[in-house]
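As a plain string of letters, each chain reads:
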Amino acid sequence: MTELLDPARRIRVRLDEHGRPTHLESAAGWQPVTRVLDRWRIDCDWWLNRIAREYWRVLLDDDLALECYCDQLTEQWFVQRVYD
Amino acid sequence: MIACVRLPALPVLAAVRQDPGLRGRPLVVGENAGRTVIAASIQARSRGVVPGMSLTHAEQCCPDAIVQPVDQVGTARVRQLLLRTLYRLTPEVEVSDAGYAFIDLRGSTWRWPDRDVLLETIDGRIRALLPARPALGLGATLFVSRLAADRAQPGAPRLVDDPASFLEPLPISCLPLDDEQREYVELLGLRTLGDLRRIPRVAFRRQFGLRALRLHDLAWGIDPRVIPPWRPPSRIEESTPLDPPLEDMEALQFVVRSLADRVGELLAAGGLGAREIVIRLDLDGSPPHRESVRYAYPLTTGQDLFDRIRGRLKRVRPAAPLERITLSVRHVEPAYVRQPGLLLRRDGLVEMLADAIGRLQEESRPELIQRVMVIADATPVPDRRYRLRPVTDSP
Amino acid sequence: MPDRLQQALTVLETRFGSAAPRPAEPRHAVRSSGIPELDALTGIGGWPVGRLSLLAGENGSGKRTIAQRHVALASQEGATVYVDFRARLDPEFMHRLGACFERLLIVRPKTIKEGMEAARVLARAGAGSVCLDVPRDAKGLDAELPHLLHRAQDAECSLLLVHDAEVEDVIRYYASVIVRVERRRWAFHADGDLAGIEVEAAVLKNRMATPGRRARWLLEYPRPR
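Residue numbers (our numbering), protein chains in the order written: chain A, 1 to 84; chain Z, 1001 to 1395; chain P, 2001 to 2225.
Chain A on its own, in the form it takes in the complex (with noise of 0.2 Å):
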């Protein structure tokens, strides 16, 4: 199924100009994302300890699949799943 990655693991990407990650970070190198699944955006819990991220599944060079978010606050990109 998923791996959850609790606490998720901070990763560099590589975006376009639209805003979209192409590249992602990982030991074996720079990853080309080579389909976006879907991506969603979660911003709530304002008034206490806010959470506003948005989440991208992606295909990573065809071969893995990923959940990972970009934090809007801190503008920092977290991977949270791995689908196994």
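Simulated pairs of lysine to any residue, SDA-like, Cα-Cα distance not exceeding 25 Å:
| no. | chain 1 | residue 1 | chain 2 | residue 2 |
| --- | --- | --- | --- | --- |
| 1 | P | K2110 | Z | E1363 |
| 2 | Z | K1314 | P | T2111 |
| 3 | P | K2110 | A | D6 |
| 4 | P | K2139 | P | G2060 |
| 5 | Z | K1314 | P | E2114 |
| 6 | P | K2110 | Z | P1382 |
| 7 | Z | K1314 | Z | D1243 |
| 8 | P | K2110 | Z | L1313 |
| 9 | P | K2110 | Z | R1312 |
| 10 | P | K2113 | Z | P1366 |
| 11 | P | K2113 | P | V2170 |
| 12 | P | K2113 | P | R2136 |
| 13 | P | K2113 | Z | Q1361 |
| 14 | P | K2205 | P | D2039 |
| 15 | Z | K1314 | P | E2144 |
| 16 | P | K2113 | Z | R1371 |
| 17 | P | K2110 | Z | R1359 |
| 18 | P | K2113 | Z | R1315 |
| 19 | P | K2139 | A | L5 |
| 20 | P | K2113 | Z | S1364 |
| 21 | Z | K1314 | P | E2117 |
| 22 | Z | K1314 | Z | I1279 |
| 23 | P | K2110 | Z | R1371 |
| 24 | P | K2113 | P | D2169 |
| 25 | Z | K1314 | Z | F1254 |
| 26 | P | K2113 | P | R2124 |
| 27 | P | K2110 | A | R10 |
| 28 | P | K2205 | P | A2040 |
| 29 | Z | K1314 | P | P2109 |
| 30 | P | K2139 | P | P2109 |
| 31 | P | K2113 | Z | E1363 |
| 32 | P | K2205 | P | V2030 |
| 33 | P | K2139 | P | R2151 |
| 34 | P | K2113 | A | L5 |
| 35 | P | K2110 | A | P7 |
| 36 | P | K2110 | Z | P1366 |
Simulated from the structure, these hints should not be mistaken for laboratory data.
These numbers come from a predicted model, not from an experiment.
Put chains Z and P on the given structure of chain A with help from the hints.
Just chains Z and P, lined up with the frame of chain A:
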């Protein structure tokens, strides 16, 4: 079937236990501050002394009465002795200071198929315990059994199989009437329970009110009161000094094993099991260290108790050498025959599994075995909505 | 069995050894994997009870989806243990698979030894199914497995081992069933989102039925509940 044991009032029994020479004498136990009679021996009662009357009045009724102050500690001790003795027959026991002990025998029929043997056993145990001969009454309810005991003689139990005919001729004063009700009953000319029974229930309610319907029920022998199970408030503790002070935790295991065995023996003697044990380590020159070990169900044997204590002690790193170790049982419950595989807890785990989880967590750490909690109202991100939490011991 | 038939069988066994006809094995107790195709593939209707089954495959092959489907189903029936050596179990997906969290115990050990001991104690105490999700580097697993297997046999507990790496011979030896899974292709919904994967599974070893069977099916990811 409920058995009622009639004894002298407990303060009287306490006084006689203290001074056996008082047995058979007209004894009045009073409260000095209020100058009222708390209890009186049969000899004093036969001369008209009743609880609640003033001590001056009692002395007028019975000039040779021996008046003693009430011994609260002694009375409590007699109550505990009686409860502990009867508790060996069934946990559903109740003792009143007026000298009545009730025993619900409904759960004991498989153990005591012969009622006469059971009654003899009760009689024998009480006589061995207290300086009095009990009178025993048996009936289907608390009310009937008490009236039966009042009409029984020591050594000749009174069995009521047909409460209707037993109650019929009894005086109306058997009922717990308040002053107003007593007056009204006299006004209506009701003298026996049979007289009262002949008033239809609806008419009785109209005359006496809804709350008084209980009296009508009692007159028919109907009494819904039950005896709640009693729990012995025992304090079981075993301690041993360590001389010279001990630093080696491995060596401590042997000492603890023998202490656990001693605690187990005390528990077994009372038919009890421990739900929680507190380990107190007195340290040389440092404040004592306490650890509490909880069990999923009441354990009795030293081996069972030690299995969990051992795991806990492995993790303890005392700051100074140990001078004394004490094991005290905090939660005591009646022991039961362990059928762990059959017992299902509220959380859906069988007892044996719950116990295994507790043991594993004890030996390593609570986070070793966890369960998923769904926090339904949390933000729908995986790290907020789903949480892993250690499986807790309490069902 | 009549005496004459028994005699004939003895003669055949003397002449032809293991090729001689022999009585069929009694039906084996099993727990369903939750996937009909896989149940059929094992030849006995699921993972065998009291034995070790091994699910092997590379990262992304779908073996954990398969294992967790079994765990979710088993938790609906009784106490189930997931030994999460890698601390990566995703509770949300277990929820989507319909796991009963009341009866799902998640063991998060720090060492292989600690995890195997917990599995052993829980199997003995009545857990019906134990799933071991072991890391790539599982040093000491081979030494601990026989003890756990022994408990599982006594307690009628099914053991499922999920392994990424190339499996050591010792583990191969202890396993009664070995299923190797490979991902053939990704499957997508009409909206482009991931629907699941098409997997191909092969039974490499089977002590209860014929080994060597292969099957291919679409392993769907569960939708949010």
